[in-house]
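A.B. asks: So the sequence lines, in the order shown, correspond to chains A and B.
So in the numbering used here, spot 191 of the first sequence is number 191, and the numbers just go up one at a time.
So in the numbering used here, spot 128 of the second sequence is number 128, and the numbers just go up one at a time.
It should be emphasised that the hints constitute simulated quantities derived from the structure, not laboratory data.
We treat Cβ as the ideally placed atom computed from N, Cα and C, and that holds for glycine.
Take the hints with a grain of salt, since some may be wrong.
As the list claims (entries may be wrong) - Here are a few chain B residues that face chain A, going by a calculated C-beta distance under 7 Å: (1) 32; (2) 123; (3) 162; (4) 166.
Protein chains: 2
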Amino acid sequence: MTGRPGTLYLVPNTLDFGIAAADAPALLTDTLPLQGLHIAARLAHWVAENAKSTRAFLKRVDQVVPLAQPLQQIVIEELPRPPKGARVAAPPDLRRCLAPALAGHDLGLISEAGLPAVADPGAALVEAAHAASIPVVALPGPSALLLALAASGLNGQSFAFVGYLPVEAAARDTRIRELEATSRRLGQTQLFIETPYRNPALLAALTAQLKGDTRLSVSCALATPEAFTRSDSAAGWRQTPTVLPADRPAVFALLAR
Amino acid sequence: MTGRPGTLYLVPNTLDFGIAAADAPALLTDTLPLQGLHIAARLAHWVAENAKSTRAFLKRVDQVVPLAQPLQQIVIEELPRPPKGARVAAPPDLRRCLAPALAGHDLGLISEAGLPAVADPGAALVEAAHAASIPVVALPGPSALLLALAASGLNGQSFAFVGYLPVEAAARDTRIRELEATSRRLGQTQLFIETPYRNPALLAALTAQLKGDTRLSVSCALATPEAFTRSDSAAGWRQTPTVLPADRPAVFALLAR
Numbered sequence: 001m002t003g004r005p006g007t008l009y010l011v012p013n014t015l016d017f018g019i020a021a022a023d024a025p026a027l028l029t030d031t032l033p034l035q036g037l038h039i040a041a042r043l044a045h046w047v048a049e050n051a052k053s054t055r056a057f058l059k060r061v062d063q064v065v066p067l068a069q070p071l072q073q074i075v076i077e078e079l080p081r082p083p084k085g086a087r088v089a090a091p092p093d094l095r096r097c098l099a100p101a102l103a104g105h106d107l108g109l110i111s112e113a114g115l116p117a118v119a120d121p122g123a124a125l126v127e128a129a130h131a132a133s134i135p136v137v138a139l140p141g142p143s144a145l146l147l148a149l150a151a152s153g154l155n156g157q158s159f160a161f162v163g164y165l166p167v168e169a170a171a172r173d174t175r176i177r178e179l180e181a182t183s184r185r186l187g188q189t190q191l192f193i194e195t196p197y198r199n200p201a202l203l204a205a206l207t208a209q210l211k212g213d214t215r216l217s218v219s220c221a222l223a224t225p226e227a228f229t230r231s232d233s234a235a236g237w238r239q240t241p242t243v244l245p246a247d248r249p250a251v252f253a254l255l256a257r
Numbered sequence: 001m002t003g004r005p006g007t008l009y010l011v012p013n014t015l016d017f018g019i020a021a022a023d024a025p026a027l028l029t030d031t032l033p034l035q036g037l038h039i040a041a042r043l044a045h046w047v048a049e050n051a052k053s054t055r056a057f058l059k060r061v062d063q064v065v066p067l068a069q070p071l072q073q074i075v076i077e078e079l080p081r082p083p084k085g086a087r088v089a090a091p092p093d094l095r096r097c098l099a100p101a102l103a104g105h106d107l108g109l110i111s112e113a114g115l116p117a118v119a120d121p122g123a124a125l126v127e128a129a130h131a132a133s134i135p136v137v138a139l140p141g142p143s144a145l146l147l148a149l150a151a152s153g154l155n156g157q158s159f160a161f162v163g164y165l166p167v168e169a170a171a172r173d174t175r176i177r178e179l180e181a182t183s184r185r186l187g188q189t190q191l192f193i194e195t196p197y198r199n200p201a202l203l204a205a206l207t208a209q210l211k212g213d214t215r216l217s218v219s220c221a222l223a224t225p226e227a228f229t230r231s232d233s234a235a236g237w238r239q240t241p242t243v244l245p246a247d248r249p250a251v252f253a254l255l256a257r
């Protein structure tokens, strides 16, 4: 390394997965603070989950804050995918991603939605940056998980995010009862997510498995004009079912009493 | 109730606790998306942790988006404080707070920093709103907890926020070892916070108690110009101590291997 390293900026993305691209400028500034957009507009080096959608994001940014260099000159390195079963990519790949920062350039990390390195890949890159003494700055931006938690009215003083539930029905039902028991024991809200097309099946399983007085909150399409949150007892969900869209991301939260 | 209720908007606040008031307009738009500022500027009814700091927030908003009515005409109801030992305020108090929404007016809920109802009071009001069929909309904004998690490079696919640790030294050390064991068992990052003046004592206890290869990340003054994150092994913290400021909020995260 020669001289001071650049900074690794964790750049928040919108929560709409680029769906509302027609309203791009409004939705961008409605969802993301200006600081992140100004920094994003001047970065020439990026690490991303997906280069194509990052270019689409940068086109949206350009409508609000003109990019400091033409899009074609911006280098976007995709995060190495960990081999099946491994939690992190091999270190040499991460060092390649960090090369611009080691050479003194500021570097952006962005994910497909929300904050990078939360509920998505990227954490290993941030860890590698710390190990290489590259300063890490998380730019303020929204997280669907915490918006869903706030909107749920469930316990926000103690909560856990546990990722995805098993796909197979019996294993999923077991996991639901396990999360309910953990929630009751610790008084801890349990948050989890699902691939959108499985939202209706997961809701059906939750409605069937949870005890009547367990609270269940579902937030859908957060920070978009179609956003909604329903927070009710499992008994209430059973009595008045809600049909969830199978094409929008949802966050599920439960709290057992 | 006559006619449709208003909406309960969960309005994010900055993360600086009003400290950087001199740079108010820049810091506001650097940290908060415009949508929330536009909605905040038109609300005439609020529920808040603290009326005085909410008026200061609205003065900052007014510099970016002029308020729809004079500040003196805006009604700010303080969240009822739960009696010592009780988690939630008595329901009648919450109904009084929700009265404007039941009468058809939009209502804002705001906390001292970040997202309302996360790591602060307010969740009981949101729950009461759902029970009264008042629509709840969480406006996008930053959470210091998740910015700290992103910046830590620790596991962002599974994490828990556990609030405050005990103040008394022996109980605190026991709790630290308990969190380390939970983290190892579940592969789950454990996040917690402390009153700023106790930051140095908590860091000293963590450095002393954690196993050498447990990762410890501390983020301080996030989303302000003085923000920093140090993420290192406990052994690394022991070898090269960092002096934490005792007047800025910090978020602590640990992950045991």
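A.B. asks: Which of the listed hints are not met by the structure?
C.D. replies: Violated hint (a single one): 4; every other hint is consistent with the structure.
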